[in-house]
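A.B. asks: These protein sequences, in sequence, are chains A and B. In this text, residue positions in the first sequence follow numbering that gives the first Met the number 0: the first is 0, and each later residue adds one. In this text, residue positions in the second sequence follow numbering that gives the first Met the number 0: the first is 0, and each later residue adds one.
No lab work stands behind these hints: they were computed from the structure. Heads up, a few of these hints could be off.
Restraint ranges, calculated between C-beta atoms of paired labels, are given here [stated by the list, open to error]:
| no. | chain 1 | residue 1 | chain 2 | residue 2 | range |
| --- | --- | --- | --- | --- | --- |
| 1 | B | 138 | A | 21 | 46 to 54 Å |
| 2 | B | 139 | A | 70 | 25 to 33 Å |
| 3 | B | 107 | A | 1 | 42 to 50 Å |
| 4 | B | 133 | A | 1 | 43 to 51 Å |
| 5 | A | 45 | B | 130 | 52 to 60 Å |
Since we're looking at a predicted model, the values are computed, not measured. We treat Cβ as the ideally placed atom computed from N, Cα and C, and that holds for glycine.
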Amino acid sequence: MEHLDYETLNTLKQVMEDDFALLIDTFVQDSTDRISSLSELIKGTDGDLIRRAAHSFKGSSSNIGAPTLAALCSALEKKAFENKLNDLAADLDLIEKEFAEVLTQLRAL
Amino acid sequence: MNDVRRLKILVADDTDTDRLILESIVRKEGHHVVSARNGLEAIHVYSAEKPDIVLLDALMPELDGFGAARKIKELAGDELVPVIFLTSLSDTESLVQCLDAGGDDFLSKPYNRIILQAKIKSFNRMREMHSTMLTQRDQIVQHNNRLLQEQTVAKHVFDNVAHSGCLNASNVRYFLSSLAVFNGDVLVAAMRPNGSMMVLLGDFTGHGLPAAIGAMPLASTFYGMVPKGFSMTDILREINGKLKNILPVGIFCCATMMDINFRKKRLKIWNGGLPDCFVYHHQDGRISPVKSTHLPLGVLSNRAFKDNCEFFELQQDDRIFVWSDGIHEARNPEGDMFGEARLKELFSRNTNPELLFNDIIEGVQQFVGTGEKDDDLSLLEIRMDEPARVNSFAKEASDKFGNSEIEWVMGFEVKPTSFKVFDPLPMLLNVLMEVPSLRAFSSTLYTILAELYTNALEHGVLKLDSNLKKTPDGFSDYYELREQRINQITDGFVRINISHKTNENGGILKVRIEDSGEGFDYQQRSPDNLSSFGYSGRGIALVEKLCGTVSYLGCGNIVEVDFSWVCDD
Numbered sequence: 000m001e002h003l004d005y006e007t008l009n010t011l012k013q014v015m016e017d018d019f020a021l022l023i024d025t026f027v028q029d030s031t032d033r034i035s036s037l038s039e040l041i042k043g044t045d046g047d048l049i050r051r052a053a054h055s056f057k058g059s060s061s062n063i064g065a066p067t068l069a070a071l072c073s074a075l076e077k078k079a080f081e082n083k084l085n086d087l088a089a090d091l092d093l094i095e096k097e098f099a100e101v102l103t104q105l106r107a108l
Numbered sequence: 000m001n002d003v004r005r006l007k008i009l010v011a012d013d014t015d016t017d018r019l020i021l022e023s024i025v026r027k028e029g030h031h032v033v034s035a036r037n038g039l040e041a042i043h044v045y046s047a048e049k050p051d052i053v054l055l056d057a058l059m060p061e062l063d064g065f066g067a068a069r070k071i072k073e074l075a076g077d078e079l080v081p082v083i084f085l086t087s088l089s090d091t092e093s094l095v096q097c098l099d100a101g102g103d104d105f106l107s108k109p110y111n112r113i114i115l116q117a118k119i120k121s122f123n124r125m126r127e128m129h130s131t132m133l134t135q136r137d138q139i140v141q142h143n144n145r146l147l148q149e150q151t152v153a154k155h156v157f158d159n160v161a162h163s164g165c166l167n168a169s170n171v172r173y174f175l176s177s178l179a180v181f182n183g184d185v186l187v188a189a190m191r192p193n194g195s196m197m198v199l200l201g202d203f204t205g206h207g208l209p210a211a212i213g214a215m216p217l218a219s220t221f222y223g224m225v226p227k228g229f230s231m232t233d234i235l236r237e238i239n240g241k242l243k244n245i246l247p248v249g250i251f252c253c254a255t256m257m258d259i260n261f262r263k264k265r266l267k268i269w270n271g272g273l274p275d276c277f278v279y280h281h282q283d284g285r286i287s288p289v290k291s292t293h294l295p296l297g298v299l300s301n302r303a304f305k306d307n308c309e310f311f312e313l314q315q316d317d318r319i320f321v322w323s324d325g326i327h328e329a330r331n332p333e334g335d336m337f338g339e340a341r342l343k344e345l346f347s348r349n350t351n352p353e354l355l356f357n358d359i360i361e362g363v364q365q366f367v368g369t370g371e372k373d374d375d376l377s378l379l380e381i382r383m384d385e386p387a388r389v390n391s392f393a394k395e396a397s398d399k400f401g402n403s404e405i406e407w408v409m410g411f412e413v414k415p416t417s418f419k420v421f422d423p424l425p426m427l428l429n430v431l432m433e434v435p436s437l438r439a440f441s442s443t444l445y446t447i448l449a450e451l452y453t454n455a456l457e458h459g460v461l462k463l464d465s466n467l468k469k470t471p472d473g474f475s476d477y478y479e480l481r482e483q484r485i486n487q488i489t490d491g492f493v494r495i496n497i498s499h500k501t502n503e504n505g506g507i508l509k510v511r512i513e514d515s516g517e518g519f520d521y522q523q524r525s526p527d528n529l530s531s532f533g534y535s536g537r538g539i540a541l542v543e544k545l546c547g548t549v550s551y552l553g554c555g556n557i558v559e560v561d562f563s564w565v566c567d568d
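Could you build the full structure based on these sequences and the hints that come with them?
C.D. replies: The following block contains the structure:
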């Protein structure tokens with residue numbers, strides 16, 4: 000799966016016009032906040048909170064055109080939903096790495 | 000875009016990027032955007048901004064989309080505010096939850112601009128349709144209220160017109176819907192001066208105001224004439240003529256009219272267009288149907304109108320049942336009509352006549368079931384009873400009428416100065432037409448008075464010789480001479496004396512006319528050869544035919560006739 004979905008991004012560029020840069024900045028800031036929030040949450044035992052956070056992250060990633068990141072969030076959401084709370088650090092690690100990759104590619108646009 | 004006007008759209012999403020994207024898409028479509036970051040904020044913004052369409056993220060902090068949607072729908076009340084959920088949820092249960100919360104649709108992430116545009120368009124159409132519908136609903140409510148108000152006023156007026164009725168007599172039972180006048184049914188009843196009761200049940204064609212409007216002249220004519228003692232046929236003719244004049248073609252009144260004489264235990268009945276009325280004989284439970292043998296009121300001109308009635312001699316506690324076609328045409332849920340067969344069956348099954356009335360009402364209502372309303376049901380029962388038990392008026396009038404006669408005499412003299420300009424006949428006839436039983440004989444009475452007055456004036460006062468009229472030349476000479484003499488006359492008179500007396504079966508009217516002339520040798524008058532009787536020609540023969548005899552008195556300057564009539568009331 001691609002890190003970025005360029006078709007979606009192109010549409011966004013058309014739609015957002017001058018605000019496209021703002022959108023990307025917002026996404027970066029937002030995602031950074033989400034990752035740090037998740038890293039706190041997975042230390043705890045509240046599966047529902049983790050599920051909601053992962054769900055929102057999935058939504059924003061898919062909207063911005065980052066399908067792999069969305070898929071990883073979805074996997075985390077699923078585990079949290081099934082209350083499989085062990086080993087979530089590995090999932091978050093994958094998400095962080097993917098986010099770094101997305102970030103690099105977004106900056107390159 | 001060109002077919003959707005600029006809308007105000009609320010975007011509520013806690014994810015900044017998602018909200019940014021959606022705001023941009025919506026703004027690009029030309030709409031005005033208001034935003035919220037959670038459910039509570041969404042409700043506040045909704046209340047303040049009243050957006051046309053609401054886009055709600057399902058999962059939000061503070062209050063989620065489901066809660067916000069419920070509140071917004073509640074605030075919107077009657078108005079349709081489309082709520083579209085924004086969701087990356089895709090399981091059936093979540094989507095159902097969106098709709099259960101009052102959501103109208105959902106939009107999946109990632110957002111598709113084309114789909115969002117189509118949804119906004121389609122929901123805007125729905126919203127406009129809904130608002131048109133609300134406006135029209137309000138108009139209908141308003142119109143309906145006005146109609147009801149008008150009907151209340153009209154009913155009030157009608158009730159006042161019909162107020163003098165005697166439907167509360169102890170032997171009368173009736174069933175009419177409260178607004179019966181607006182389904183065209185009218186029931187009026189009043190006492191005649193002789194203590195008999197006159198009742199009319201009418202059913203106008205059509206519904207609503209057109210049907211109700213004819214009830215006014217009908218009731219006012221009825222209540223105007225019955226207490227004055229006019230006969231049923233006079234009243235029927237009067238009403239028929241009025242309705243014929245007033246109502247448009249196609250609107251008429253099926254009616255049954257009755258004159259119930261409690262003293263003589265006699266029923267006089269006329270049925271024009273209503274279903275067979277039943278006369279129920281108490282003694283043996285037999286039914287005599289009274290068929291409609293006439294056209295309804297308001298169809299024929301008075302010239303063609305037929306007023307012949309049927310008569311029944313009744314016994315104590317015999318009952319008369321009259322109904323409009325509402326009973327016969329009442330339908331059950333299967334669409335079958337109640338019909339006359341079921342009605343007759345009710346009568347044959349009945350064992351206590353006192354319960355017949357309720358049996359009929361209940362029978363029809365049970366037949367109809369819960370489906371249709373029994374608004375058109377009109378039923379009337381009248382029981383034959385002693386006058387004293389009907390009401391106080393019947394007792395009083397019957398006591399009075401039973402052994403008294405109405406008798407009066409009227410004298411009238413035409414002076415010489417007036418022969419030329421004054422014709423006393425219309426005035427006299429007007430007086431006579433105020434006598435109820437004489438109304439039917441207006442043309443006969445006119446003929447009698449006209450012949451006798453003309454003879455008295457022309458041959459008596461003006462001394463014209465009728466032999467002159469035997470040749471065509473003489474005819475014009477006659478009228479020339481008449482003109483001459485009537486202009487010159489300075490003395491003389493014609494005295495008209497009319498006496499009236501009623502009896503049990505009718506009455507007698509004596510007309511005596513005296514003139515100031517010289518009279519004639521009436522002894523020579525040959526009774527078997529009327530046309531040869533020269534003095535006054537054919538006219539007297541006609542009067543003789545109408546009155547039986549014509550007697551001359553004095554020197555032949557006084558003539559007397561008796562006109563007697565039989566009254567079938």
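A.B. asks: Which of the listed hints are broken here?
C.D. replies: 2, 3 and 5
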